[in-house]
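Going down the list, the sequences are from chains Z and D.
Just so we're aligned, residue 1 is where the first sequence starts under the numbering used here, counting upward by one.
Just so we're aligned, residue 398 is where the second sequence starts under the numbering used here, counting upward by one.
If you are wondering where the hints come from, they were derived from the structure by calculation, not from laboratory data.
All C-beta atoms, glycine included, are put in the ideal place defined by N, C-alpha and C.
Each hint should be verified, as a subset may be incorrect.
A few chain D residues that face chain Z, going by a derived Cβ cut-off under 10 angstroms, partial list only [stated by the list, open to error]:
no., residue
1, 430
2, 545
3, 547
4, 687
5, 721
For lysine to any residue, the following SDA-like pairs were computed, each having C-alpha atoms within a straight-line distance of at most 20 angstroms [what the hints assert, rightly or not]:
no., chain 1, residue 1, chain 2, residue 2
6, Z, 293, Z, 194
7, Z, 297, Z, 323
8, Z, 77, D, 636
9, Z, 77, D, 550
10, Z, 196, D, 543
11, Z, 312, Z, 295
12, Z, 77, D, 415
13, Z, 196, D, 550
14, D, 654, D, 633
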Amino acid sequence: MATKTATSDVIPWDKIDMLLRHRTGRVLLAAITALLVYVVLSGTGIGPEETSTRIILSMVVGCLLWAHLVYGAWLVKRELQGLFVIWGVVTVVFFLRFLTPGDPTIALTPPDASTDVREQLARRLGLDEPLYVQYADYIWNLVTLDMGRSLRTQVPVMDLILIRLPATIELAVAATLVAMVIAIPLGVISARRRHKPADYSATLFSLVGISTPNFWLGIMLILYVAVTVDFLPTGGRSIGFAAAWGGLLMEGDFDGISRWFAQLILPAITLGTFFTALLTRLTRSGMLEEIGKAYFKACQAKGLPETIILYKHVLRNTLIPIITVLGLQLGTLIGGAVITEFVFAWPGLGRFLINSIHSRDWMVIQGIIIIIGIGFVVINIAVDAAYAYLDPRVELR
Amino acid sequence: MISARLRRSLKREFRQSRMAQVGALILVVIFITTAFAPFFAPHDPTEQRIGTGTTEDMSYLPPPVFSTTENVTVFEDGERVTREVTTQGNWSFVLGTDRHGRDILSRILYGGRVSLSVGLVGAALAALIGVPWGLAAGFAGGRVDDTLMRWADVMLAFPSLVLAIALVGIFRGTPFHTRAIGDPFVWAANSDFVPNILIPRAGHVAEMPESMTFPVTVTIVVALVNTVWFARVARGEAISVREEDYIKAARSMGTGKLTILRKHVLPNSMTPIIVLATIQVAAIILLESALSYLGFSGISLSWGQDIQRGQSDLRRGWWMATMPGLAIVAAVVAVNLVGDWLRDALDPSIEGEGGV
Numbered sequence: 001m002a003t004k005t006a007t008s009d010v011i012p013w014d015k016i017d018m019l020l021r022h023r024t025g026r027v028l029l030a031a032i033t034a035l036l037v038y039v040v041l042s043g044t045g046i047g048p049e050e051t052s053t054r055i056i057l058s059m060v061v062g063c064l065l066w067a068h069l070v071y072g073a074w075l076v077k078r079e080l081q082g083l084f085v086i087w088g089v090v091t092v093v094f095f096l097r098f099l100t101p102g103d104p105t106i107a108l109t110p111p112d113a114s115t116d117v118r119e120q121l122a123r124r125l126g127l128d129e130p131l132y133v134q135y136a137d138y139i140w141n142l143v144t145l146d147m148g149r150s151l152r153t154q155v156p157v158m159d160l161i162l163i164r165l166p167a168t169i170e171l172a173v174a175a176t177l178v179a180m181v182i183a184i185p186l187g188v189i190s191a192r193r194r195h196k197p198a199d200y201s202a203t204l205f206s207l208v209g210i211s212t213p214n215f216w217l218g219i220m221l222i223l224y225v226a227v228t229v230d231f232l233p234t235g236g237r238s239i240g241f242a243a244a245w246g247g248l249l250m251e252g253d254f255d256g257i258s259r260w261f262a263q264l265i266l267p268a269i270t271l272g273t274f275f276t277a278l279l280t281r282l283t284r285s286g287m288l289e290e291i292g293k294a295y296f297k298a299c300q301a302k303g304l305p306e307t308i309i310l311y312k313h314v315l316r317n318t319l320i321p322i323i324t325v326l327g328l329q330l331g332t333l334i335g336g337a338v339i340t341e342f343v344f345a346w347p348g349l350g351r352f353l354i355n356s357i358h359s360r361d362w363m364v365i366q367g368i369i370i371i372i373g374i375g376f377v378v379i380n381i382a383v384d385a386a387y388a389y390l391d392p393r394v395e396l397r
Numbered sequence: 398m399i400s401a402r403l404r405r406s407l408k409r410e411f412r413q414s415r416m417a418q419v420g421a422l423i424l425v426v427i428f429i430t431t432a433f434a435p436f437f438a439p440h441d442p443t444e445q446r447i448g449t450g451t452t453e454d455m456s457y458l459p460p461p462v463f464s465t466t467e468n469v470t471v472f473e474d475g476e477r478v479t480r481e482v483t484t485q486g487n488w489s490f491v492l493g494t495d496r497h498g499r500d501i502l503s504r505i506l507y508g509g510r511v512s513l514s515v516g517l518v519g520a521a522l523a524a525l526i527g528v529p530w531g532l533a534a535g536f537a538g539g540r541v542d543d544t545l546m547r548w549a550d551v552m553l554a555f556p557s558l559v560l561a562i563a564l565v566g567i568f569r570g571t572p573f574h575t576r577a578i579g580d581p582f583v584w585a586a587n588s589d590f591v592p593n594i595l596i597p598r599a600g601h602v603a604e605m606p607e608s609m610t611f612p613v614t615v616t617i618v619v620a621l622v623n624t625v626w627f628a629r630v631a632r633g634e635a636i637s638v639r640e641e642d643y644i645k646a647a648r649s650m651g652t653g654k655l656t657i658l659r660k661h662v663l664p665n666s667m668t669p670i671i672v673l674a675t676i677q678v679a680a681i682i683l684l685e686s687a688l689s690y691l692g693f694s695g696i697s698l699s700w701g702q703d704i705q706r707g708q709s710d711l712r713r714g715w716w717m718a719t720m721p722g723l724a725i726v727a728a729v730v731a732v733n734l735v736g737d738w739l740r741d742a743l744d745p746s747i748e749g750e751g752g753v
């Protein structure tokens, strides 16, 4: 007790506490922390060298702090659970490697290499150690953010993944945006005009949409759209997000942004179609269920315009089951991204994964699967948090 | 398991829903034509006609009615001559031919055999593993439930396609990766035991390929990665049934846990599992085609592989990549329509992939 009284003289705890209870206060604190991290990073010169990476890093720190201030103990509990899942993924992936037929040193050495050379290589890669030592080493290296080196190119796996990750995130976000922008209005219209031609065509579209393999859809888009429309490339990623938007904002360069848009639109549609279809179905059935409830009648009786009732009151209640299913379907999004990247020669993680499997580069395969697992866990926690935001009755425990 | 009331409900829903009728019709047509592919396929799906020996060059034939024109440079009388060559479709090859002059329609029928059997076997396998898993977790509750379902979380953290790619990549080299299965119809047409009068078009059937390759690893892998959905649904059902009075009654009479699970819990959880299994057939067909498209299934005659080859020939013609994809869409739409019909008729609340 004595220490507490002593510090409270110096630091106004009660005022800080009041600040943290307020929404703006938390945001302010997180922003200040992010700024501080950035200043420290660039001042001392430790950590990443590029300015953009530093900015992203400090923003991540700020967001994490904010999330912990808002969600507190619940978030910590979920993080521990998530760590358990990630540990499971790491373990499964690590032991899967030893089920692989064939000695990795055979793939890495020329066919005429002597057993002596192979043994040397095995020693250098640590493959001659007992399994539990290798496992412990791998886990420890992971904790220090080291995923080992690619067996083929000897480049650190972390670097290989980090340069490809932005392309994949960009594609996934674009596809989700395409899906939301098209599907939610379509689902609302469909529910509003039930058993009318608009409803039937939306239902038909969503049926075909969830039944179309996305790699084939991508090929069809290349064949029938990209070839006839000069503006659209048939694949590849010639300009990144930061370069395109930076060019627009700093130099007023429209060429970069239009190239960025053109290269992104077909892959985004390819990946987004399944989700558009799924979301349309979900929105429609959710809206139909909500429209039957009493508050809808109350809103109507009050004389609210139908558009406002539907988009403001009904849609918000419909979003809760939608978000649940979307969280469950995240795996489909990531798997779809893998194959979309392959079709459109998109230089992201998915195409890299497939190439690595073809060249049997196990260190890279492990790394990519672990990164995907982490992404999955993080987004699932975010989905649960969104749940509580949308429905105040939901208590996070 | 299927009561008279259920059957009535199924019939009523089927009569009312035009979509269910369309789906069932497409599915029946696809089933019959692929199961009896040797009778329906107009040509041998693997026979090449590239203009060597006595055969005529039939490669890159467009479907009838369509035609392609291209500039061909030939060496004639000591100088290069560029001519416009028009290729006209041939009614013998209704959907055209690929780069080796193989008939696309026949390939689609034979490829459908692979896709549908992988879908059915895979979904059955996934249910066989997943349902006991989920029932055990839900019925036992407590720590058993926690342990079993944490593993389900780990499995969900792997996207099914990524996990399938990784697993197939591992087991690609094993000898049981693919398995040749003899075609009973072709065997019958070729053997002396079965009189040929019994077999329609016996001469035609006898010339068909004698066996089809079945992707064993891919089937097991797609089943494994989809197991967790069955586990989730079965667990939910078991939990909802667990506290019912008849379970308590059975327990108080001293019935063993396994018997209760088998006789009371499983039959009462069956309807959502059946609906899920139908939807899973569609999901597995899509997953299998993606794996074969990426070249991981180890078989050359499948819808996904044909699309991949068609993609590399996109400049030569649109039909090679388009046709097998349309077949996939038709099959999956049909399965989904049947799934919707079952769901509407049985009306369980169901979660899982596509379970909307």
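Taking the hints in turn, this is what the structure says about them:
1. Annotation: residue 430(D) was flagged as interfacial toward chain Z, and the flag is violated, the nearest CB pair being 19 angstroms apart, outside 10 angstroms.
2. Using the Cβ-Cβ criterion of 10 angstroms, the hint placing residue 545(D) at the interface with chain Z is not satisfied: the shortest such distance is roughly 13 angstroms.
3. With a cut of 10 angstroms, the hint placing residue 547(D) at the interface with chain Z holds, because the nearest CB-to-CB distance is about 7 angstroms.
4. Checking residue 687(D) against chain Z by beta carbon gives a least distance of about 6 angstroms; that is within 10 angstroms, so the hint holds.
5. Checking residue 721(D) against chain Z: minimum C-beta separation of about 8 angstroms stays under 10 angstroms; hint holds.
6. For a cut-off of 20 angstroms, the pair hint linking residue 293(Z) to residue 194(Z) stands: about 16 angstroms separates their Cα positions.
7. Restraint check: the Cα-Cα separation between residue 297(Z) and residue 323(Z) comes to about 25 angstroms, which exceeds 20 angstroms; the hinted pair is violated.
8. A threshold of 20 angstroms between alpha carbons decides the hint, and for residue 77(Z) with residue 636(D) the separation of about 25 angstroms lies outside it, so the pair is violated.
9. Taken as a hint, the residue 77(Z) and residue 550(D) pair is honoured in the structure, with Cα atoms around 15 angstroms apart against an allowance of 20 angstroms.
10. Distance hint between residue 196(Z) and residue 543(D) is unfulfilled; the C-alpha atoms sit about 47 angstroms from each other, more than 20 angstroms.
11. As the CA atoms of residue 312(Z) and residue 295(Z) are separated by approximately 12 angstroms, the hinted pair is consistent with the 20 angstroms bound.
12. Annotation: proposed proximity of residue 77(Z) to residue 415(D) is violated, straight-line Cα distance about 49 angstroms (limit 20 angstroms).
13. As the CA atoms of residue 196(Z) and residue 550(D) are separated by approximately 41 angstroms, the hinted pair breaks the 20 angstroms bound.
14. Simply put, residue 654(D) and residue 633(D) have alpha-carbon atoms about 18 angstroms apart, close enough for the 20 angstroms limit, and the pair holds.
Of the hints listed earlier, those the structure fails to meet are numbers 1, 2, 7, 8, 10, 12, 13, in rising order.
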